[in-house]
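A.B. asks: With chain A's structure known, arrange chain B on it following the hints.
There are 2 protein chains.
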Amino acid sequence: MAIPTTRQVVHVVRYPDGMPQEADFALDQRALRAPGAGEVLLRTQWLSMDPYLRPLLAGRYAVPRPELGAVVPGGALSQVVHSNSGCLAAGDWVVGDTGWCDYATLAAESLRKVNPVQAPLSTALGVLGIPGLTAWAGLKTIARPQAGETVLVSTAAGAVGSVAGQLARLSGCRTVGIAGLPEKCAIAREAFGFDECVSHQSPTFVEDLRAACPEGIDVYFDNVGGPVLEAALSMLRTRARVVLCGMSAQYNQAQRPAGPNLGPVIGARAILQGLVVFDHLARFAEFTADVAPLVRDGRMHYRESISEGLASAPSAFIAMMAGRNLGKALVRVAS
Amino acid sequence: MAIPTTRQVVHVVRYPDGMPQEADFALDQRALRAPGAGEVLLRTQWLSMDPYLRPLLAGRYAVPRPELGAVVPGGALSQVVHSNSGCLAAGDWVVGDTGWCDYATLAAESLRKVNPVQAPLSTALGVLGIPGLTAWAGLKTIARPQAGETVLVSTAAGAVGSVAGQLARLSGCRTVGIAGLPEKCAIAREAFGFDECVSHQSPTFVEDLRAACPEGIDVYFDNVGGPVLEAALSMLRTRARVVLCGMSAQYNQAQRPAGPNLGPVIGARAILQGLVVFDHLARFAEFTADVAPLVRDGRMHYRESISEGLASAPSAFIAMMAGRNLGKALVRVAS
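Those protein sequences? They're chains A and B, same order as listed.
Residue numbers for the first sequence follow our numbering, beginning at 1 and rising by one.
Residue numbers for the second sequence follow our numbering, beginning at 336 and rising by one.
The following block holds chain A by itself, in its conformation from the complex (with noise of 0.2 Å):
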């Protein structure tokens, strides 16, 4: 195929004040740079839609915000179209970030190669991408779940969160989830086999996760921050392990806001630990060897909520942003 000299973006007009609106966003032409050494040229596949953007628009997040005008940011999953580089060759399929565009031009180096047959593409992305990753090294290296223990975990029925609760569950832990729409409650119940999931959007939502959790809980896996976070916390048991992995209740919000008490974590002697994903990319081999197998057989599941077109992009990040995708949010740019 002839290499293309302009590509598609959707760039950022201004940041966003509160909830992302479409007009915080909009769809550009660009000349595309052609790749010089140990460089390749990206065509998209599939976008990623992803919670850590909001805050990364915001100037919170562990890297620079872009700058007004730049493309959007955010992973992909690419096919290579050329290649300056040893590493890759044309037809490679490759997770970067090239962010929102039809094509890209990325050192070779900065690109995690996929293997197209262990399961279909679009799952290096969310189960087998970096949202399995960061539920699987939460899992493996703070919460350390034991066979009969209670995991709670929030966001449920999202990309982390199913795969949070599915490993602990393969664990032999109960597991409790926690979403917001009563679908994504049932989906977590049905598809992805937590033993309970409460809606934190129910009126009755502390007292529904009391009766969920009777004895209390041993892990909480904490996607959300906020209100959902305190009423974890009321119900620590001795030695329990909090995954705080992200906050986005609180993503929207321009100030942050304050917290949960922690005298409930003394007297349970527990533990809080931070986790960021990106310090365990060096286990991906790991990983891929733990969770791959999983969902090739069919003992871990997951699922997707697809736009169509890059267009979309903006569209798909502020409903997902608003609790509105049934799965793993991506935009299919190439068909």
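Which bits of chain A does chain B cover? Going by a derived footprint, with three or more residues having C-beta under 8 Å, they are:
| no. | stretch |
| --- | --- |
| 1 | 242-255 |
| 2 | 262-269 |
| 3 | 273-284 |
Just so you know, the hints here were simulated from the structure itself, not pulled from any lab data.
Being a predicted model, the structure only gives us computed values, none of them experimental.
The beta-carbon is built from N, C-alpha and C at its ideal position, and this holds for glycine as well.
C.D. replies: Only chain B this time, still in chain A's reference frame:
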């Protein structure tokens, strides 16, 4: 000496509402039970004033709160007057939870025998007692400070904080204290060797703390919670460890207040862990072997704030809760 048949006690008249008042307590004469099999009769020498009494009186502690009219709970250093136990003899010195009284009858097995020649007796309630063990266990099992790290300690001039700071300094750390009164900050620096000490009563507390820890903190030993904990969490370095040991900032509050936002804990990949000293009683001999030589040879300092007579216990406790004591708060009961 003849065995007395009555004793003086201080009892709980009413549960404190906010800051404790003298009228919450009253002195009383009561019958003294003769020791049965396995029991000893004790004469109180020193009463220990400890912050945990406040949440205990509010029913927010690990053990049930005392009924109205019951003797105020509390640890003391006492001498055995009469023994019906083969483990203890008249004249032995022991630490136990006698409550606020001049004589007590207790089971010998509930007592910890004190070596009266290793250090002054009163140290068995402070630097070589539960406060010292608390500091030692928090550093040993959670904080694990490494030479060159910055260790932040609240209640830096207090019974726990002063030991934590000195042990960290002896491990080669830079130590920064937090205290209330300016006199306490001076004591922390001059008596306990903190490199810096800032007052949380200063209107520029957060700025002062940042100036004292320009590169952030690797360890925070928290005895207070509240805004001081929040400030400390905003300064965590990567892989920092936080010992959650006490929440004295909220002990006088009827409702548990909101806590710190935990977003910075994620970014720092930090660990917060609750410490309850009772979990570590089995390591008392190891702790004593570590710390008693430091006290004897003058590398570990301590200060005491002594009030005279059992009747002064309520005012001594109130003064401590108000932060006015300039050392481990003790009441001398027998002279």
